[in-house]
Every structure is written in C-alpha cells, then in structure tokens.
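Those protein sequence lines, which keep their order, are chains Y and A. Taking this note's numbering, the leading residue of the first sequence gets 1, the next gets one more, and so forth. Taking this note's numbering, the leading residue of the second sequence gets 1, the next gets one more, and so forth.
If you're looking for bench data, these hints aren't it; they were derived computationally from the structure. Please note that the accuracy of each hint is not assured.
Identical copies look the same in the list; a pair holds intra-copy or inter-copy alike.
Below are the DSS-like pairs computed for lysine-lysine, each with C-alpha atoms no more than 30 Å apart in a straight line [what the hints assert, rightly or not]:
#	residue 1	residue 2
1	K227	K249
2	K249	K209
3	K120	K23
4	K92	K74
5	K209	K105
6	K23	K105
Since the model is a prediction, treat every value here as computed from it, not as a measurement.
Number of protein chains: 2
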Amino acid sequence: MGQTIQIEKAVSLKEKPDVSTVKFGTVFTDYMFSSNYTPEHGWEEPSIVPYQNLEISPAANGIHYGQSVFEGLKAYKNGDEVLLFRPDENFKRLNTSLERLAMPKINEEVSLNALYELIKLERDWVPGGPGQSLYIRPFVFADEAFLGVRSARTYQYNIILSPVAGYYGGQLDPTAIYVEDDFVRAVRGGVGDIKCAGNYAASILAQQKAAEMGYEQVLWLDGVEQKYVEEVGSMNIFFVRNNELITPKLNGSILSGITRKSLIELAEYKGYTVKEERIHIDELQAGLKDGSVTEIFGSGTAAVISPVGRMRIHGEDYVVNDNQVGPVAEDLYSHYTGIQYGHLEDPFGWIVRI
Amino acid sequence: MGQTIQIEKAVSLKEKPDVSTVKFGTVFTDYMFSSNYTPEHGWEEPSIVPYQNLEISPAANGIHYGQSVFEGLKAYKNGDEVLLFRPDENFKRLNTSLERLAMPKINEEVSLNALYELIKLERDWVPGGPGQSLYIRPFVFADEAFLGVRSARTYQYNIILSPVAGYYGGQLDPTAIYVEDDFVRAVRGGVGDIKCAGNYAASILAQQKAAEMGYEQVLWLDGVEQKYVEEVGSMNIFFVRNNELITPKLNGSILSGITRKSLIELAEYKGYTVKEERIHIDELQAGLKDGSVTEIFGSGTAAVISPVGRMRIHGEDYVVNDNQVGPVAEDLYSHYTGIQYGHLEDPFGWIVRI
Ligand SMILES: Cc1ncc(COP(=O)(O)O)c(C=O)c1O
Ligand SMILES: Cc1ncc(COP(=O)(O)O)c(C=O)c1O
C-alpha cells in the first residue's frame, strides 16, 4: 500500500447524487484509474485522472474484434471506514480473462494498490444507506487502430466508479426465471468462463424474449447437450435440495463467481452441506415437482443473492417456496452482507479496510 | 442514388501512400460515414465527416458488453471506374447481426446511397494495382454510458475506408491449417452466424497456438460434437472431392459468407457440381488419405480464395495437392476476381459501378 500514484486533480468536483434515486450504472465519480499498454513499455505506471471521455480511433481493435474484458466489485461504507470485498480475487480473474483473449496480463499488486488510492480519494462517493455501495468497474480493451484479426499491440486499462443503490433496497425479492432451450450462452472450449464483453451482448436477445413472456432472467443450459444447468442471467445458481446446498460444478463454460465461491465457503463454515454437481434440468424439474427442491437463488456481486420465486421449465411453470424468500437464502444473505458491511466478524480474511 | 448527404469538408487531405507497401488495415482515408441512434429519433440522417477519433464514455456499453457488429467489403478500380461487389448483401447481413444482438436495424437503402457518395468522394483512394482494393468497414456499436446488461439506448454507426494490397499481391499461395480439437469458435444457439466483435477476440488464442506450431490458420469444428467442419480462420471452407465442390451446409453457427454464396453461384454457372453437406472431419481425413479430396480452400472477402496446402488432423499432417494451388481454386479465383475488377462479364448483376 506504500506506493504513490500520480494523481491529476480535477478542476471541479461533481455534486453527489441521492443514491437511493440513482439508476444502477449511470452516475460516475470524479476520478478514474488509467494505464496504457504498448509492446515497448508494457503497462505504464497507472495514474488517477479526472473521469473523462476516452478518445479512440474508429479502427480501435477492441470495438471491431472484441478484445475487451472487465471486472465488477464493490466498496461498502461502515461509519468512517470503507470496506472492499476480496478485491484480489477480481484482479486474479481479470488476468484469467485477459489470458484467454490473448491480451497482456496486468500487475495484480499494482492494481490493488492503485484501487486503494482511488478509493481513498473518492471516499465520499461511497454511499452509506442500506444496501448501497460504490460499484467498481475495472476494464481493459484493445485500442490499436488496426483492422486485422490478431492480438492487438496497444491497450487501455481503466477503473471507473459508480455509486449504486441496493438491488432491492437491501431487501430480497423473488424473481421469475425462464429456462432457455434455444439460445446458448457458452460452450466448453469457448469463453463462457471469463468476463469478456462479447458474452453479454450475446445474451441480450434471450433476456428480451424472456422479459416479453414475463420472466426477469434466463436460466442457461450447457451448450453441448442443452440439458445441464449452468447460470442464471449474469449470476451463478444455487439450489436447496433435502436441506443440502447444490450448485453446478465449474466445467469450463460457467463463470467462476466470487460470490459463488465465497457463499460455498460461508455455507460450509455455517454447517451446511454443499455439493458441486452436474445438474440435469429434468432432475431440477423433478425436485420442484416432488418438493425436494425447496429454494433456488442466483449469486453475484450485484445482488449477492437473488431468490427465484417462479421458474418455467419445458413450457411449465413451477412456484418455488411459495414465491417467498427461503430460510437458507435469507440466512446466507444476512450473514454475507453482514461481513461485507463490517457488521459481522470476518473469519475468512475477505475484507480490506481503507 | 439521388439522395444528397451532408458532407463536412476536411481542412486538409492526407498524402496517399504506396499501397503495395501498406500493411492491411492500418491506413485510413480522409473521410468517414457517421450516423447516431437515439430512441427518440432513431438513426439520424447520416453524414460524411473527416476521418477522426471517436470520443466515447469510459462506460460505453459497447466496450463493456460487446454490442458491436461489423461488415467488410471492397471497392475495386478499373480504369476510371470504381466497382463494388454485392454491397447490398453486406448491409443485409449487417442487419442480421444487429438483430441477433438486439441492436437497432439500419436502413439498407440509405446506407447504400451514403456508401456510394462516400466512395465518389474518396475515389482517388481506390488503388489500381493488381490485387489492390479499398477495404470498406461499416460498423455499429453501443455508446450509451450505462453499466447494465441490456440493449443499449444509443449507438454509433460508422463506415471507414482503408486502401489495401492483395493478400498475395494478386497471386494465390497455399497455407498450412491446424484442425482445432479443443477451442470452439461457435455453437448453435450462439452468435457464430453473425459478424459480432466478440467472436473474433475469442478466436485469437487458438490462432496463436496454431501459429506457434507452424500453421497459419485454424480449422474450426462444430461446438456440439467437435467433429463437423465449420470454417477456416475467418473464412468459409470448400473442398474438391471426386471433382465435386463441397462446402459445409449452413447450420446456425457458420457465418454465411458472401464469397461462399457467390462462389457457389459462379461454380454452378460454370458447370461444377456443388454440394452443401455436413462434413465429418474423419471423412475429410479419409478423403485426403485415399486421394479423393484433391483441393481445399478458404473463401472470404479479404483473400477471395485461400488454398490450403497442408492440414493437420488429429495430430497428423496431410499435404493437399502437393502444396500447390489446384485447378479449381485457380479457375474460380481468376473468374471471380475478373468479375470483381470488371475485366470479365458479370452475368449475375453483382457489380455496382460508381
Ligand atoms: C456470467 C456471470 N456469471 C456469474 C457472475 C457472478 O460472479 P461474481 O459473484 O464474481 O460477481 C457474473 C458477474 O458478476 C457473471 O457475469
Ligand atoms: C467468421 C467468418 N467466416 C467467413 C467469412 C467470409 O465472409 P465473406 O465471404 O462475406 O467475406 C468472414 C468474413 O469475412 C468471417 O468473419
């Protein structure tokens, strides 16, 4: 943390909004992290600069060929303290994403230190209301002006910050899910297990189709057999079956969520039995029919836990736990967010205090 | 063609390079086409503006979530005339791509007319040497400053132009191909059949791996069974087997190449038997072993035809047609490029003269 980072001061600061009325991902803070990559010098020393538009070539490789990856994490306020949740995991995963797209890896240590400095500078932007946080978006994209398909020579790496309200104002709220039988999100050998730009654009049409039918998210099946449960929207998925917590085993097309990983650790710590399995959609359907599946929820940084109240499988609707938040979701959610906000003890060493 | 388009004149024009020494996709002309989309006004009337950098938000949706699609076509010079090859097909396919990524469709008619005006203005940039052309790159991407995963509200649509030399200075040259058994380019239900940015970034690592082993391109197998031949690099693929021309049948994960489609038409016109089939890689391997497969070549706008001289299948190398350009590739290439450059009659109505 000792490192000093160059800071270019903003001429004037923005007025801070009432975060409770702000739409997710639309308001950004006064500063951003910035570093550029050239083959000659690698990643230049990062600097903190006023939040500003990027000037890029219309031939920028990242726009045309999608060499573009990102991360998402949050900073939470507890009194005067700002808490980060496992930020090292995000930079580690950023490098996994970069490697898969043949992009230059970033220095995780330097990134962490620069993020701490940025958060210190923007401390007043971290909102303190229930469920509120400062969303942190690191991203790297190719900016070489070149229209050939190969790894680009130059890149930009930025971190921008956006104050956000809780998904449900800090309250859990069950959603309706559509099991997608036609569109495919990812396949083994592809890029489903990294956070690259292209995955998200490819998912939107299925999401729109589900929305038109009254469902809020899509449940994705595997790309090979279209039978095995993978993810829900941009979240990992958990089930409670016979009081055991089940989540799909990582298989090369599922994103390895940090919330997923942390919930598994927390649940085991709390005495739950947790199983990572290959889950056939028909097995899930049978479990909903016979009542052995009592809860379903998504997991991700944005909402932490998103309970599923209704699910459409092969043209039939199933109500999950009377469309109510289940006891396991509730228990894990309150413990997990309690750790994130510093209200509960952190026996795992997940929290970085700034 | 009657429509007038607003042109913002450049203050000074660039010096035109010696195209024979220019690297593909690195030099751009003086002007570009530009149009913006808002939900209130749809696509604004396009204008032609000096080639310039784009100023975009660091939160631009297209960078983070990959709502970004493109096209590629070429203008050829014949004396004083400039010829375009089936430009309507490119704008049609652009709309297919836009639809799949839940982006607003463009007006094909308006786009065509604007392109004609742009080419008129940049006529002197169309190089006249053998194999040379002006590469045309229409592209659309989301520029809304918003970090949520949904269809963006605002978009930019641009067309940029780049003078290019022939891939082989107008001469065909056989390449070595590696059949990829691990990485997957596309799967049915996904986005392999459109020209979206994410597909290309996802393909680079396999390409690098092949290059390290001494191969120039990857042959992609289907994403479900990893057994059926789909494409080669960013090209479609053709075989000559027992004097018949074979190409994989479109299946939802193969891009519908305009060169592929046009070569099929041209070959049938010239009396070849053409078959679109599902081709098992073992079948291809057997055909190379027993000599029934006598030629293999890729097809695409960039190189038109790219003969394969060597192919590695399941760890074994096969030489195709003595690593020489085959008679069918040669015949189709010379006829096809003859039409493109206006040296041969165009019985199909493919050429637009400007
Ligand atoms: C596709 C996808 N799956 C799962 C997740 C959940 O990951 P995490 O828990 O690290 O936020 C995310 C993103 O946040 C995602 O984009
Ligand atoms: C993946 C892919 N396949 C095939 C092709 C060939 O298409 P076309 O003949 O229209 O250039 C292209 C692009 O040009 C492509 O990007």
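Tested hints:
1. For a Cα distance limit of 30 Å, the shortest separation of K227 from K249 qualifies both inside one copy, at 14 Å, and across copies, at 25 Å.
2. Proximity of K249 to K209 under the C-alpha cut-off of 30 Å is found in both arrangements, the shortest distances being 27 Å within a copy and 28 Å between copies.
3. Proximity of K120 to K23 under the C-alpha cut-off of 30 Å is restricted to the intra-copy arrangement: shortest distance 24 Å within a copy versus 46 Å between copies.
4. In this assembly of identical chains, K92 and K74 lie within 30 Å of each other by CA distance solely inside one copy; the values are 16 Å within and 42 Å between copies.
5. In this assembly of identical chains, K209 and K105 lie within 30 Å of each other by CA distance solely across copies; the values are 17 Å between and 37 Å within a copy.
6. In this homomeric assembly, K23 and K105 come within 30 Å of each other (Cα to Cα) only across copies, at 27 Å, whereas the closest approach inside a single copy is 32 Å.
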